[in-house]
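*Asks:* Residue numbers (the working numbering), protein chains in the order written: chain S, 1 to 214; chain X, 215 to 449.
A few of these clues could be false.
To be verified - Capping the alpha-carbon separation at 27 Å, the derived lysine-lysine pairs in DSSO-like fashion look like this:
(1) LYS449(X) with LYS416(X)
(2) LYS366(X) with LYS439(X)
(3) LYS418(X) with LYS434(X)
(4) LYS418(X) with LYS439(X)
(5) LYS449(X) with LYS188(S)
(6) LYS439(X) with LYS87(S)
(7) LYS418(X) with LYS188(S)
(8) LYS418(X) with LYS366(X)
(9) LYS86(S) with LYS434(X)
(10) LYS416(X) with LYS366(X)
(11) LYS395(X) with LYS416(X)
(12) LYS71(S) with LYS418(X)
Unchecked claim - Counterexamples of contact, computed for chain S against chain X with all Cβ distances above 10 Å:
(13) SER73
(14) ARG107
(15) ALA196
Hints are computed from structural coordinates only; laboratory data are not their basis.
Beta carbons: idealized from backbone N, C-alpha and C, even for Gly.
Spelled out, the chains give:
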Amino acid sequence: MSEAADPRSATTPLRPANRRERTDEQINQAASDQALMRQLQSGDESAFASFYRRFSPGLFSLIYQILQDQKESEDVLQEAFVQMWKKASTYDATRSGLFTWAVMIARNKAIDRLRSRQRRFRTVEAATAEMEVSLPNEVEQADDLLGQGEERARVRSALKQLPDPQREAIHLAFFGGLTQVEISDRLKAPLGTVKARIRRGLISLRTVLGDPVL
Amino acid sequence: MNEELEELAALCAFDLLEGGERIAFETRLANEPDLRARLDSLREAAALTAYAAPLRQPPAALEKRILNAIRVEPVRIRSSSSSSGSSWLPWALAASLALACVVLVADRVQTKKQMAALEQRNAFAQLRIATLASKLQTAPNAIGTVVWDAEKQEGVLKVANIPANEADRDYQLWIVDPDYKQPVDAGTFHVANDGTESIPFKPKARVGSADAFAVSLERKGGVPKAEGPMVLVGK
């Protein structure tokens, strides 16, 4: 198994939980991201291949989580990477990390596809059910296979620390392709309550995971 | 930052804002760097949620397919001297302002008759001029200027470099007034192939304070609350 399977970095060692210790590593990561993006922006195809190997496993996992369909996920991954290639010049390192930029493009593509096929409720239910069942094992599996699932495990641990209603709201907001009202309907909770859960959940995640280095 | 604003930022981080709520928030974003920074920070945290997805490898053959696909796609090359966001941003802002000035100068000629009517009523002191910046990745040079007469409750919108709209779509102008929960509808317009248009407008409800203006792309005839993509925003 290639060590490039971690979406954040193929070469990054395990990340310590301590926020101060992470700083130098994050700064190095950001510098590496910017160097890679400069190569992409100059139209360097070999840099794109490196970019693909580094991010494709994580992005494919994300897209599959949204669509629950292998063929469609492959098509959407291709659409997302082609867009990243064409739009590399629009990336602004002062606004987001490379990881966030890539994730948001892939997620938007997947959600567009999800909405276009009008099967969102069934898919979301299946995805949510799978997530609930598989979360602990998947963390172990990623660690075993890659030997460097620290970032993934850290995020999952942070998500697990959230109260169930906040975690459900965050999960539907990110993976579900639903509107605020649809999330409210699915959770059978008032709209204002759902908004507050999303806000509290996201702020908690940000606090636990620390400030990103841009 | 107050709770309500932070809630809007969190929802925006997940792309959950719609309609007037989105217009109002994006208008603030365009003018409040601190709010923009907060949103960016929350979006970074939101993106990390991707790690919650069970790990799944794409098939090996997909890499070759995608590498082949990008070889036939044009890529917009950015020169090395402009690769840093912090170095090109001031130039982009300066260029936008220059464009705005050009449009304003051009407007002065083209909207002279409309302005003259307002001036004759000694209403110049009531006039407000706003520059609207593009929200379109596909048309970053799109720009608009609004001349708004608060007393007469009418104004003129001039747009340039804006994509021609399809037959079943209209552009729709909105005025953000804090007295209303939703931006006030100020009418629809059509843009032809040359990308320019000058449109006199009157809002559908009385506007006490025109804090900002926005243009969205909507279905033909317009909508009571904005639903479509944002095209221009400014104050």
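*Asks:* Does each hint hold? Answer for all of them.
*Replies:* Here is how each hint holds up against the structure:
| no. | hint | verdict |
| --- | --- | --- |
| 1 | LYS449(X) with LYS416(X) | holds (17 Å) |
| 2 | LYS366(X) with LYS439(X) | holds (24 Å) |
| 3 | LYS418(X) with LYS434(X) | holds (17 Å) |
| 4 | LYS418(X) with LYS439(X) | holds (12 Å) |
| 5 | LYS449(X) with LYS188(S) | violated (39 Å) |
| 6 | LYS439(X) with LYS87(S) | violated (31 Å) |
| 7 | LYS418(X) with LYS188(S) | violated (36 Å) |
| 8 | LYS418(X) with LYS366(X) | holds (13 Å) |
| 9 | LYS86(S) with LYS434(X) | violated (31 Å) |
| 10 | LYS416(X) with LYS366(X) | holds (9 Å) |
| 11 | LYS395(X) with LYS416(X) | holds (19 Å) |
| 12 | LYS71(S) with LYS418(X) | violated (48 Å) |
| 13 | SER73 | violated (8 Å) |
| 14 | ARG107 | violated (7 Å) |
| 15 | ALA196 | violated (7 Å) |
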